[in-house]
Amino acid sequence: MMKNSIQRYPGESKWHGLLYLLPAFVVYALFTLIPIVETLRSSFFEWSDLGKTSRWIGLGNYLSLLKDASFLKAFSNNLIFIFFYSFIPIMLGLFLASLLSRKRIPGLTFFRTLLFLPQVISMVVVGVIWRWMFNPAFGPVNLFLSAVGLSHWQQAWLGSFEWALPAVGSIGTWVQYGFCMVLFLAGMQRIPEDYYEASSLDGANSVQQFFSITIPSLKAEIGVALITTIIAALRVFDLVYATTKGGPGESTLVTGYLIYRSAILNNQIGYGAAMAVMLSLVLLTLSQVIQKLMSGNEEEIG
Amino acid sequence: MKPRWNQLLPRYIVLIAFILVVLIPLWGAVMSAFKENTEIASNPFSLPQNFTFDNFRHAWTVGNFSIFFKNSVIVTTIVVIASVFLSSLSGYAFGQLPMPGKKLLFPLMLVGYMVPFEAVLIPLYNWLGLLGLRNTYWALILPQVGLSVSFGTLWMSSFFSNAPKELIDAATIDGANRWQVLWGILFPLAKPATTTLVVLIFIWTWNEFLLALVMIQSESMRTLPVGLAFFQGRFSADLSLMAAGAIIVALPTILIYVIFQRFFIRGMLGGAIKG
Chain A
1 MMKNSIQRYP GESKWHGLLY LLPAFVVYAL FTLIPIVETL RSSFFEWSDL GKTSRWIGLG
61 NYLSLLKDAS FLKAFSNNLI FIFFYSFIPI MLGLFLASLL SRKRIPGLTF FRTLLFLPQV
121 ISMVVVGVIW RWMFNPAFGP VNLFLSAVGL SHWQQAWLGS FEWALPAVGS IGTWVQYGFC
181 MVLFLAGMQR IPEDYYEASS LDGANSVQQF FSITIPSLKA EIGVALITTI IAALRVFDLV
241 YATTKGGPGE STLVTGYLIY RSAILNNQIG YGAAMAVMLS LVLLTLSQVI QKLMSGNEEE
301 IG
Chain B
303 MKPRWNQLLP RYIVLIAFIL VVLIPLWGAV MSAFKENTEI ASNPFSLPQN FTFDNFRHAW
363 TVGNFSIFFK NSVIVTTIVV IASVFLSSLS GYAFGQLPMP GKKLLFPLML VGYMVPFEAV
423 LIPLYNWLGL LGLRNTYWAL ILPQVGLSVS FGTLWMSSFF SNAPKELIDA ATIDGANRWQ
483 VLWGILFPLA KPATTTLVVL IFIWTWNEFL LALVMIQSES MRTLPVGLAF FQGRFSADLS
543 LMAAGAIIVA LPTILIYVIF QRFFIRGMLG GAIKG
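Respectively, the protein sequence lines represent chains A and B.
Residue numbers for the first sequence follow the numbering used here, so the first one is 1 and each next one is one higher.
Residue numbers for the second sequence follow the numbering used here, so the first one is 303 and each next one is one higher.
Keep in mind the hints are simulated off the structure, nothing from the lab.
As a list, the in silico DSS-like pairs of lysine-lysine whose alpha-carbon atoms are at most 30 Å apart:
(1) B/Lys404 to B/Lys467
(2) A/Lys292 to A/Lys219
(3) A/Lys14 to B/Lys467
(4) B/Lys405 to A/Lys219
(5) A/Lys14 to B/Lys405
(6) B/Lys493 to A/Lys14
None of these values were measured; they are calculated from a predicted model.
The task is simple: from the sequences and hints, build the whole structure.
Structure follows, in structure tokens:
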């Protein structure tokens, strides 16, 4: 990314770049970097008097987190969301990519625009729309079920202990699958036609080609899709706030909402900070691991 | 080789089915916004029998969406301009200028882009409270600029480090200094990169929810997404009014997206992870 071959002007200081970096760096340091350090620091303290006094308790907050049923519930809900936000959309994306595969599809740009639409809409708006879709009395989901003779499948989707989590999760699927499809379709355009022709001559059928050519060639795209959608599943907040606020009970509670509830609403600063640190560590570790697994050795195909 | 229609048709059917699933809820919301409540329950997806603008008028005035809209426009405009300006400077520093410690500073700039916002929010909430800046535009603008320059620096530096050397050298020989090279030569050349950056930061800032939810206490300072969330608490039974409110929030980002979709999709596919 950065080239070492930068030439200095005659008489130019080797520090010149700092002058240009400084304005952005000051804002970034004050409003992002230093707060991150402070979050880490405050996670080792117990806070009282609405955050005015604090007492060092080392890893105390982290140890209580691991015994906190609400946190464990929230975090396991995030993991279930990975199935809805990441696994299903990536499977659907690969399915569509394999189906459309190397054939030029007239009008694909237009379809691509529509598939991508949920990505640009505020998650609060998405939540409002889907609360209507899932409305028990007059929501289209239940209306549809009764119209096709499946009235006994009707549910109070977002109000049900059993169904609220998969219902919110499937909204995540709705948001993410178009993104995965567009990503993989773009990647397919890069695969040279020769690969498929050569393997056809060797007698490979289209299923074998899918696993031996398409999937390995899309490794980088699958990596981007995994990182993006898993991060979305672990960070989910707006959608839960706008649909269920974690309810009924704690059935759709997620870590982001629990941090908000503890640190902001209930003034448990250290406890909320410890959760934020844990979430950050999980996110950073996962994206590093996926990047490692999915980068490189694309040349081995063929 | 031109594909034949009988080969394409099954593929189109599957593709269109996926697109319909995306569109049906959105279509329903748009139709509902132009209907009266009684009509939605019986016929959610049909065209309105009595086409009405009352829901929008109602949301705009009684629902205070005119105020939320103004707040969102102010915050988003300032964040976009400040972030793109600052990121151009810092990206130029990394891509073209002599600077010590680049190898250390660059990953440091990326931390904010990778860490979840909750990790930034808790101290900001307390500090801005102490400074009396909570419930002001500053509380929404400054943290959002801080986050945006993290991604913006990465984005602009990768453009500037690949800028054509001959052009820069020619301008230098003509006596242009670093500042003039940036704004006279490179910035105009960077238009596709800056357009993508503008579109991404616009959509992220317009849709930002958690920061505005936490920092803003009074209704008159709410941005559109927060305004809509509280609106839902008050009017959740009034479906057509909710739909009109939702459309007011979503329309600007959809318009920007449709106009600049090439740039947005390029940014997202380039791995610009939604923040």
